Each structure stands twice: as C-alpha cells, then as structure tokens.
Amino acid sequence: MEKKIRPDGREKVTGRLKYLTDLTFPEMLWAKVLRSAYPHARILSLSTEKARKLPGVRAIITHEDVPALNGFGIVTPDQPVLCKDVVRYVGDALAAVAADSIEIAARALELIEVHYEPLPVLDSPEKALAKSAPFLHPGGNVLHRAGFQKGDIQAAFSQCAKIVEETYEVPRQLHAYMETEGGVIVPEKDGSLTVYVGTQHGFKDRFQLSRILGMPEEKIRIISSPMGGSFGGKDELNIQPYGALLALATGRPVKIHQTRQESMRSSIKRHPMKITMKTGVDQTGRLRAHQTTITADTGAYATLGPAILDFAVEHACGPYIIDAVDTKGLSVFTNNGVSGEFRGFGGNQITFALEGQMDRLAAAIGMDALELRRLNIRRKEDPGPLGQRIAPTNGALEVLESAARVYHAKKQHMPKRSTWKRTGTGLAVTMHGGGLGFGRMDPAGGRLSLTENGKVEIAFGFEEAGQGILAVIEAVTTEALGCKKEDLSIVIGDTAFVPSSGSTTASRGTSMVWHSLQRLKGPFIKQLLQGAAQRTGIEEEELSIGPGGIWKEGRCMLSFESLAAGKEPIVVSTQFDFPVSPDPIDSAHFLYTYSGVVAQVEVDLLTGKIKVTELHQSTAAGPVVNELGYRGQIEGGGVMALGYTLMEDVVMKEGQYATENLDSYLIPGIGDVPFQLELEAIETLPLEDHYGPRGVGEIGTVAVAPAVANAIYDAIGFRVSCLPVKPEAVLQSMERGILHENRF
Amino acid sequence: MKTDSKREETEMIQVSFQLNGEPVQLTVSPVMRAVDLIRNELGQTGTKISCGIGRCGACSILLNGRLAVSCLTLAYQLEGISVETVEGLSDQSAIHPIQEAFLEEGGFQCGYCTPGMVMAAKCLLDSNPKPSEAAIQEAFSGNLCRCTGYGGIIRSVQRACSS
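Protein chains in written order, with this note's numbering: chain A, 854 to 1597; chain B, 217 to 379.
None of these hints come from the bench; they were simulated from the model. Be aware that one or more of the hints could be misleading.
[Unchecked claim] Covered, in the sense of this in silico footprint (three residues per stretch, anywhere, with C-beta under 8 angstroms from a C-beta of chain B), are these stretches of chain A:
#: 1; segment: 857-867
#: 2; segment: 998-1004
#: 3; segment: 1512-1520
All of these numbers come straight from a predicted model, not from anything done at the bench. Cβ coordinates follow ideal geometry from the N, Cα and C atoms, glycine included.
Excised from the complex, chain B in its bound form (with noise of 0.2 angstroms):
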C-alpha cells in the first residue's frame, strides 16, 4: 500500500462500472484497490476486509458473476464489469433466499466473514443449485470462518438449496 505521491497525482485513472446495477464513475489512483474504492470511496462496508492478501475471502465480491477478493483486484480493473457486493442482494423490504437461509441456520456469528460467505454461496448457487459436498468444500475453499466451524455455513447452503 506503499504509494509514490507525485505519480498518484499525474497518472489518476478513470474507472466506470455497475456496482449492483447501478453506474459508477471514479477518477482513482492506480494503485488504489477495488475493495478500498468499494468501502472508503462510495461508502459500501458490507465488503469486509481482513487479510488483505486473497487468503480469507472475507472482502469477495462478483465480477460478472464470479468470485473474486477485491483486496486483489486494483479500481482500475474493475473497468466497464458488473460488480456485485453483498449491499445487492437485498434492499429494505426483502432479502435474498440465501441470506435468508444463513440467518435460520446460523450461517454466522461475528458476521465478519458473512458477507464474503454469502457472495461465495450465491456464486454456487447460480451456477450450481444442488451442490454436493465435494462441490460446496470447493466453493468456499477461499472463504475462512473463525466462528462457526462451518457447520453453520454448510447446513445454510443446503437450506438455500433446498427452498
């Protein structure tokens, strides 16, 4: 996170995306990365961050529909993709099945990690909504938990696909 202030000044780059659909347009750093753009620049702190070297998923977001950690993807990359964080799966009135089923089960405690949890989960589920075992290990392979012991996640994932 190093960064040279004479160049930060000279090279600033624009960057334009959907964030849940809706347009964005930044001037941004180049070295400024997505998950610092997502929670310090437009205020969106569902996005977690807690690693901040793509080991414990809790800052994953969708871009165009796949999983990714944005404390691994610069704001400049982020150019003409569809991002999704977990602020787009809900709105006041409803929240999403999967978000849902967390919630019965038990899907987390701290909640720190529950919005990478969740992302990582609708990922699955889009691609895949009757996952096996072997598939849902893999699909949180890159999601770390020290609260629940997974067992929580698990049992919410199959709620999720199940209803």
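If we strip away everything but chain A, and leave its shape as in the complex, we get (with noise of 0.2 angstroms):
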C-alpha cells in the first residue's frame, strides 16, 4: 500500500495547526483550579475572600456555585466538580478561579483559605479492605467485582503434573500525552456554550456538562479536536467543568491549560493492579486449569473502573484454551490518584502475569515455551475467553507463527556477549478485544453528503488525537466511494455538526469508519448517480464515480460542483452499533486483534540496567488501512510499553505524588529504545470475515512487557514479575545467585 500523507501533517509539520490550547479569544481570562492540600481529609472551612479582593480576579467558584449535578464521571458521577465536605485524592478540587492572567489566578488560589481536618490515608487496596478502614464512598471501599468460571478448577489442578504459581505486580502508569489538558469555554452571545478542550467522545462530554451546569444539551457545543495525544486519558472530563462554571459567571471567554504538574496530580492513570495467577499443565503440556485473582487499585474514583477490570477478567485466559478457569476480580477504591482508562484497557496488567505463567509453566515441565503455546493457542472455530461465540479468525496462531520464524532467527544472531553484558530474546503473545462488548451501549455512525459547493463531506463524531483517524477516514472513503482525497470534506470533532458515532476509544475508530463507509456508499453512490443521468442524460447504469465528479468510459463528464449546483444538498446517514457476541455474556467482546512480541535485551551485569535492543511486533488486525498510520501505531505503541515495562512509575507515597512532572517521572526517549523497530502486519482474514480492518491503537502496546520479562529470563535467569525492572532489582537476582549458570 502507498505511504499516504496524512491530511493533517502539513499543518502539524508547519507548526500551523492550532491545537485548543493554542487558541485565545478577546476579553479572554486565565483560570486555575485549586486541588486538595491532602489525600484525605474533611473540609471544615473554605474561604475564598482574601482571593477576592486580589484585583484582577474576576470569578471564584465553590461547590455553591455548581447549579446542577455536583459531580462526573462516563459512568458513574461520583467524582465532586467541586467538594463541599470531603476530599479523597489529591487532585479533588476545591475551587477554581478566573483572572486577568494566569499569574494573578495562582496568586489567588494561594489566598483562598482551607481548612482541613486530615483523614486516615487508604493508600493501598489492603488498608481500604481492612475493616478498620473508613468508607470512601457510601457503597464502602469495594467498586467493582468481576469474576469468570469455567469447569471444576479444584478437580483440574488434582490433575496438572505441574503447577506454577506467581503473583505480579504492575504500576501505576502516565499517559503523558504531551499536549496537557486545557482549551478554552466560550459563553456565546445567545446564552449557548462553546467549549473548545480535547475529549474522546464530545457527545459524552456535552451530557456530562449539561447534568452540571443544569443547561440543556442543544445549548452546549464541543469542540474537541485535534489532541496533543490522549491514549485514553482525555475521555473522562478533565478541566472542562471548571472552565464552563467560570465562562458562564464572568460572561467572558476563560482559558485554562494545566501545567504539567497540575496535569500529574488531577489526571487518570493506568490503573496499578496485583496478579495472583496460579496455572497447571498435564504431562504433555495442556493447560488444565487456570486460577487468577485481580487486585486493582482504582484510586478515589470509579470512571471507568468496573469496565477496565470486567476486560482483565475477560482475558485472563487471553488466546489460550484451558478446561478449568476462575478467575475473580477486586476494584478498589484508595486515596491514591485515579485510575481509569489507558491505552489496553487492562489488557496490559492481565497479559504481563499470563505470559509470564506460560514461560515458568514451559520450563517447569521442559518444555520449549513456545511448543506449550502452539499447544494451547486457540483455533479458528474456538470461542472466546468468556466461552462466548467470536467472529472466527486465525490471528492467535498466525501471531505466533510470525513471532516464532522471528524468535529462531534472532536467537541465531545473538550477538557475542561480552564479560558484563548479557543477551536474551523473549516472545509473548496476545488477543486484545475492540469495542466496549456485549451489554454496553456501543452506538456508531457517520454521514455522507455531496455538500451545495460540491464537496463530498464525510463526517463522524470522532476525534483526532494523533492516532490518525483523520487518514483513516480519507482512505476509507476515497477507496468505498473512488474519488480523490481532494474531493472530500472531512468533519470530526465538533458537535455542532457531527453525527454521534460513539467513542473514539477501544480500538473502536477505524473499525467503524469502515462499517459506516460499507452502509453509506451504495445509497449515496446511486443517488449522485441518479442525479448525474438526469443532468447529463446518460444511463445511470454506465455511470460510475471517479476522480472529481461522474465518469464514464474513463471520461469526467461531469464534475461534483456541477452535479451539486442548484440542487438539495444530497445527505445519507447510518446508525447501528459496533457488532457483538450473539451470545449475551456481560462485556464480551467479538472482534479482537492479536499480537506477537519479540524483544532482545541487552542486561548490564554491572549496573543492572536493561537496555531492549530489538523490538518485533507481529500484529493481526486485519488489512491495513494506513501505513503510516498502522506502523506508527504499532511502534509508537511498543514504546510507550517499553517505559511500561522498565521506566515509568508514578510513585505515590501516603496518597502524594512523589513524581511531579518528567524529571522524575521518565518516559522514554531516543536513546531508551531500539534503533530500528520491526513490525509484520498480517493483513489476511477468514473468507467468511466481513468485519474489514480493526482499529490498532492498543494492540501494540500490550504483549510487550512479558516479551521484554521473558527476554530477561533468558539472559540472565531472572523470573520478573513486578513492573517496571529496576536495575537494583536485576543486582539484586543476581546477589541472589539466580544469574544462568549454563550461559557463562
């Protein structure tokens, strides 16, 4: 496929592209959100009148100032805009001030009085368990269970030969989407609000904002593209409440644009979870049996907490057939900083201990580790993780065939190790599910029109994040329709004006900007038809679209702009939901994609460090749309694991941020990662799949941790099972003696 240029690079290349944060109205004002001085605590007094006399201040809001509904989330709005009694994390704001400047809202937020009175600190899922713990939340400390079963678990260990157990340790992990939250809330003159700030689903952000501010939805506009990167962070609401409260008690355009620091203390974060998985084989190498318990530290509020457990369960098991599975997960509410969706959607967490089970099973029994996955890999016909009926697909086994011809042919080529280093090559694979899954509002859509100037505009209610849904949709379209990406018109990211096409989330975007074209092109196509044989006379069926306008015979013979004059403009939409398992099993998913890792590691012996030298991602998804687009997605999604699996940390200490901005939180940079990054796109799909391309934005990021630990082993014979690898915990596997004996 040719490299395609995105329709929005020259803009991004140029520096022209005004992002939201970059845009500034007259009479504009700065604002700054006041964030909780503690992680925990009750707020007995709030004053805001010293900051009121600060000249230049023109609003401060409090918990009174909130008109509606005192509270958000996607789910559940159990977070406070503003908190009246109570603070649970540190990023629980208090109030929010609107000023002349952004020097003058800090100054103010310094002159508003609070007085706390500390509360104990749940700052682990075991202290929220205790029972001497206080309830953070009325319902108790407990936000979500989940489990699965499947056979007589207890009868199928009776019977394993081996049984290997492990309980893995993962962290919390940034975003770190580079862009910060922020934009500007706009009061228009006819009493409406345009809120121009990034989100991932504008239409959820407008009802969440109309429960808010009391104000019905039509009288909301979002504007929410483009991003500087999101990666799941941006779909919650972030500053946009505090924003709209401002705009519409000073009457006056009010920026806000949170500094890296305040982004780090208020934003969502991957969430950190506890693995016990306990696995066992039978003599020959088949998974019997198969027991997991998540722990996951789901911080002070739910956003998408249940749902990001409810995808661990489902894929504890990930592609592989076992007879017996109980699998049982705990959410937990903490003081620490929230967690909630990311990149994986705890696919990461629950893929890094699974794949770690299969190498210790492998070598437990003797196995290689790659003959006990082709062993167990789920087939074709299989179904899935939750015995639910999937669309069938190969990608399990032909992921792993990839990533075994790679693994062989890197072990042939390791390079000479030399007296303090030593190499390793590991493998993992994975099956990731795309959509929200059975028994959640999964609506999409789009619209096609041939507009009153001739252009062909295709519009979705998505966003561009940097993911490329933009060139997703150019190619789509120009390929579903056969004119030229100079003909189209793409509209996105505005509610004004876009069909509700659901979230621009869950690996959900290009897969359904395909489905769409595949309903809208043949009405739309016959319309311009009809239209074009009336206007030139020519049958409608010698007719077809091409380049610029109506062609036939290899001949334009007449051009969009002509076909469009003087006529209604022609207007063909679609609504129907992302497709999923006919059978009803809560949150199952039925597209998936599939990964398979290989990653070689370079482990200095003196200093303990890591370095991941090669990285290759087979990936089956489906044919791909974009070049670019899907390569940059695959290996800009490796990476950003790397930093998973070896650097990034957000520590918290008694429900603080010990890592406030990228000094000390460390996210990979040119040198950290591999030269050259190798991906294989296995495009190929069973004859019967009419589900067309999947979305990649997350499958490269989720079997990279196990390849990388598994890498490790290999090297150095250390078992890794908490995230990220510190050097000092490679020193000290090695002080404990567990360094290969054979590989010296």
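Starting from two chains that each stand alone, build the complex the way the hints lay out.
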C-alpha cells in the first residue's frame, strides 16, 4: 500500500495547526483550579474572601456555584466537580479562579483559605479493604467485583502434573500526552456555551456538562479536536466543568491549560494491579487449570474502573484454551490518584501475568515455551475467552507463528556476549477485544453528503488525538467511493456538525469508519448517479464515481461541483452498533486483534540496566488502511509499553505524588529504544469475515512487557514479576545467585 | 510563575531581537519566559509548552542557530539574538525539506512535539548533514515524543539527509 501523507500532516509539521490550548479569544480570562492539599480530609472551612479582593480576579467558584449535579464520571458521577465536605485524593478540586492573567489566578489560589481535618489515608487496596478502614464512598471501598468460572477448578488442579503460582505487580502509568489538558470555554451571545477542549467523545462531554450546568445539551457545543495525544486519558472530563462554570460566571471566554504538575496531580492513570495466577499443565503440556485473582487500585473515584476490571477478567486466559478457569477481580477505592482508561484497558496488566505464566510453566515441565503456546492456543472456530462466540479468526496462531520465525532468527544471531553484558530473547502473544463489549451501549454511525459547493463531506463524531483517524477516514472514503482525497471534506470533533459515532476509544474508530462506509456508499453512490443521469441524460448504469466527479468510460462527464449546483444537498446517514457476540455474556467482545512480540535485551551485569535492543511486533488486525498510521501506532505503542516495562511508575507516598513532572517520571527518550523497530502486519482474514480492518490503537502496547520479561529471564535467569524492572531488582537477583550458570 | 505584581510594574524591560528574520521590540516583565512571549505576546503558537522544566523539548527554538528550550529561557535573554521558531521554516508556498521528510515518513502523530523535533532536526542537519546513529540519538536526547516511539522521527531525519 502506498504511503499516504496524513490530511493533518502539513499543518502539524509547520506548527500552523491550532491545538485547542493554542486558542485565544478577545476578553479572554485565565483560570486555575485549587486542588486538595490532602489525600483524604474533611473540609472544615473554605474561604475565598481574601482571594476575591486580589485585583484582577474576576470570579471564584466553589461547590456553592455548581447549579445542578455536583459530580462527574462517564458511568457513575461520583467525583465532585467541587468538593464540599470531603476530599478523597490530592487531585480533588475545591475552587477555581478566573483572572486577568495566569499569574493572578495562581496568586489567588494561594489566598484561598481551606481548613482541613486530615483523615486516615488509605493508600493501598489492602488498607482500604481492612475492616477498620473508613468508607470512602457510601457503598464501601469496593468499586467492583468481576469474575469468570468454567469447569471444576479444584478437580482440574488435582490432575495437573505441574502447577506454577506467581504474584505479579504492575505500576501506575501516566499517559504523558505531550499536550496537557486544556482549552477555552466561550460563552456565546445567545446564552449557549462553546467548549474548545479535547476529549475522546464530544457528545459524552456535552451530556456530562449538561447535567452539571443544568443547561440543555443543545446549548452546549463541544469542539474536541485536535488533541496533542490522549491514549485514553482525556476521555473522562478534566478541566471542562471549571472552565464552563467560570465562563458562565464572568460572561467571558476562559482559558485553562494545566501545567504538567497540575496534570500529573489531577489526571487519571493506568490501574496498578496485583495479580496472582496459579496455572497447571498436564504431562503433555496442555493447560488444565488457571486461577487468577486481580486486585486493582482504582483510586478515589469510579470513572471506567469497573469496565477495565471486566476487561482484565475477560482476558485472563488470553488466547489459550484451558479446561478449567476461575478468575476473580476486585477493584478497590483508595486515596491514591484516580485510575481509569488507558490504551490497553486492563489487557496490558493481565497479559503481563499470563505470558509470564506460560514461560514459567514451560520451564517447569521442560518444554519449549513456544511449543507450549502452540499446543494451547486457540484455533479458528474456538469460542472467545468468556465462552462466547466470536468472529472466526486464525489471528492468534498467525501471530504466534510469525513471532516464532522471528524468535528463531534472532536466537541464531545473538550478539556475542561480553564480560559484563548478557543478551536474551523473549516472546509473548496476546489477543485484545475491540469495542466496548456485550451489554454496553456502543452505537456508531456516520454521514456522507454532497454539499452545495460540490464537496463530498464525510462526517463522524470521532476525535483526532494523533492516532490518525483523519487519515483512516480519507483512505476508507476515497476507496469506497472512488473519488480523490481533494474531493473530500472531512468533518469530525464538533458536536454542532457531526453525527453520533460513539466514543473514540477501544480501538473502534477505524473499524467503525469502515463499517459506516460499507453502509453509506451504496445509497450515496446511487443518489449521485441518479442525479448525474438526470443532468447529463446518460444512463445511470453507464456512470460511475471517479476522481473529481461522475465518470463514463474513462472520462469525467460531470464534476461534483456541477452535480451539486442548484440542488438540495444529498445526505445519507447511518446508525448501527459495534458488532457483538450473539451470546449474551456481559462485557464479552466479538472482534479481537492479535499480537506476537519478540524482544531482545541486553543486561548490564555491573549496573543492572536493561536495554531493549530489538523489538519486533507481529500484528493481526485485518487489512492495513494507512501504512504510516498503522506503523506509527504499533511502534509508538510498543515504545510506550517499553516505558511501562522498564521505566515508568507514578510513585505515590501516603497518597501524595512523589513524581510530579517528566524529570522524575521518565518516559522513553530516543536513546532508550531500539534504533530500528520492526513489525509485520498480518492482513489476512478468514474468507467469511466481513468485518474489515480493525483498529490498532491499543494492540501494540499489550504484549511487550511479558516479551521483555521473558527476554530478561533468557539473559540472566531472573524471573520478573514486578514492573517496572528496575536495575536494583536485576542486581538483587544476581546477588541471590540466580544468574544462569549455563550461560557463562 | 509566581510574580509580584508591584515589582513587575516597576521593572519592565525592553527587549529587541530578530524573530524569524523580522525585528521585534517589546516591553516585558523580567520574569516572563521566552515561550510565553512567543506564544502569548506574539501569538506564534507553533512553539509548544508541555513540561515547563526543560525536559521534553516541545518548546525548542533556535537561538543564534543553537537549540534551546524556550521554557527555561527568559524573555529578556532574547536581547540581540536571532530567534528561529518553527514558523520560520516554511511559508504558505513551500515547506522546509525536513518538514517534507517528516510528512513522508510519518515522523509525527499528534504533532505536539513536532515543532520541537523539527527544530532539533534543523539544528542537527545544519551542522552535520550526514549524522550517525549516535549523532541522531544525541541531537534528539532533549526531545520527548509519546506517539511515534521515535521510529518515524529517525526515518524522517535519515530521509532529510539523503534528499
């Protein structure tokens, strides 16, 4: 497939693209949000009196100024917009100030007087689950329980030849989108509100703001594109309510752009989880029993915590067919930062554990780890991980075989080891559900029009966060219609002009754009050709759509402009739901993508530092829509996962962030990653598969950590169970004498 | 960024410099950062702000041809300096070969780090038209990208130097 330049490319490389945090408006004020000083405290008093006297302060809002629902949350609105009685984490907001300058707003925050009565800090799920622990929410400290059982687990364990049990711990990861949360909220003359703030689902923000402001949704317009990265992190509301309330209070545009420190403090993160897996095999290497318990630290508020736990539970046995499965998950409220949606959505955590188990089991029975996977991996017609019917797929085996070839090739060309360096190669595979799953509202849709000025307008309620949805829309639409990209006008990210397409999450965008075009193209082309036939007198059957207009026998007979002139616009819309399994199993997915990862590491025995020298990802996600976009998602996802594996950990101590910026929270730089990243896209789908290209926004992040962990074992015999793998842990493992003797 | 408003009033500083070849003269607060001057006072928002502590490079600009982070440069320090931002590399009709290479190799996704990356690339290639792997790693060591994993950026730089 030819490399196509992204529609938003030129504006981005020239710096001309206006991000929403770049916008300014006449009379614009600057705002800041006061966050809690304590991770858990009662608010005894809150006085804004002194702050209000500061010259240049235009408005200060507290809980008293929230007109309707003082709460937000995509599913359960349990997070106060502005806290009244209690704060539950250091990102909780108490007040917000709009002022003539950012400096005045910052000074005003210092003048707001809050008296707190500190309460016990529940900074771990263990503490939150203790009998003596105070309840953080009326229902207690358990946000959600989820589970899956299949077969007789005890009987199955009793028949196993070997059983491996391990507890895996994974860290809190920061999305670290380069553009922190922000934008401008503008009160319009007609009493409506325009919100120029990035999000992954404009209509959902509109709904949430409507119930906070007590304002009809029709009076709120959300402009949500473009964004400087999101990765799941901007799906939940962030600063929108404060900007909106202040804009309404002052009647002036209000800009908020969080500093990195403010972002670190208030933004959601990836769920830290503790996962215990006990897995048994028989003599032949068949997986017989698999028991998993997951404890997730969901932080102070719900957001998408329940769905993320459900996803982890679903993927606990991954692409493997196991007789007896017993999975239990618990998502626990704590006074730590709020955990929520993040690229991979619980899959990354559980896959790290599961693929660790596979290598441990293989070693325990003296079997090749690839062979063990091959023996147990799902085949085309096998049901999904929750027993549900899924779209028949060979993806799991295909990525495994692809990764196996790469693995063997890399093993044959291992760099020569030096006195203080050891190298190792590791492999891992995974499957990852797309869409929100059974029983979750997951509507999609799009709209195709020939506008009055002769543009083919394609509109979706999606957002461009960098993932490349604009390029996907351009490629899929031009291919479906046969027109050229210059004929198109792509409309996204503005609730005033787009149809509902559902959220820009869950690797669903590419898939839903393709499905929409399959539905839209027939009726749209028909109407265009009918119109052209009337206009030209040529039989409809002889006409087709081509670059620039309507064609017959290799000649353009009528331009889109001429066809549109003087006519009512032609508009075709579609609304449908993301495909789900016919089996009514809550949260179960139907379309999956697959990944096989091979990593090569170099371990420095003196410093304990691990360098990933090679990373190869085989991905099965249907046809590639845009080569650069696909490569970018897989490579970039892989490197984000390398950070998760080796570097990244949002450290919290007693509910306070110890890492506050990118100097103490390290994400991979250019020197931390392999100079050449490798990938293979497996594009084939079974003949009967009519579901088209799948999104690859998440899959590149999911199986990297276990591949690296398995490579570390290969290099030095250290079984990694805790991420990120710190040099200290490597050195300690060597002090314990577990360096492979046979490798010296 | 905390400022004392009184002091600001009494000690404003005049600063003159060249921005992308055009003379600029402004009166600024002594604590104003260069990035705020460029973005807020001059409305040139190609230069981005992300970490604010000189770690991520999103605000990278060239000062007399040398790469600098404008979040750790104070506005008054621009006095007499030739300042180049991403806006200086292209006009409506033509874009710089480095930008062309970023486009063709997919050296960006969200694009927020891209102006800084492009400036780092320019700084590198101006002094070293055929950089080695190590030289590329060194040149971009102060610029973070969360989207691409750097593969596309490396390929862009390699394309830019081969063209």
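Against the structure, the hints come out as follows:
1. 857-867: holds (count 9)
2. 998-1004: Three-residue rule not met by the segment 998-1004 of chain A, so violated; n is 0.
3. 1512-1520: holds (count 4)
Figure legend: structure checked against the earlier numbered hints; the only hint not met is number 2.
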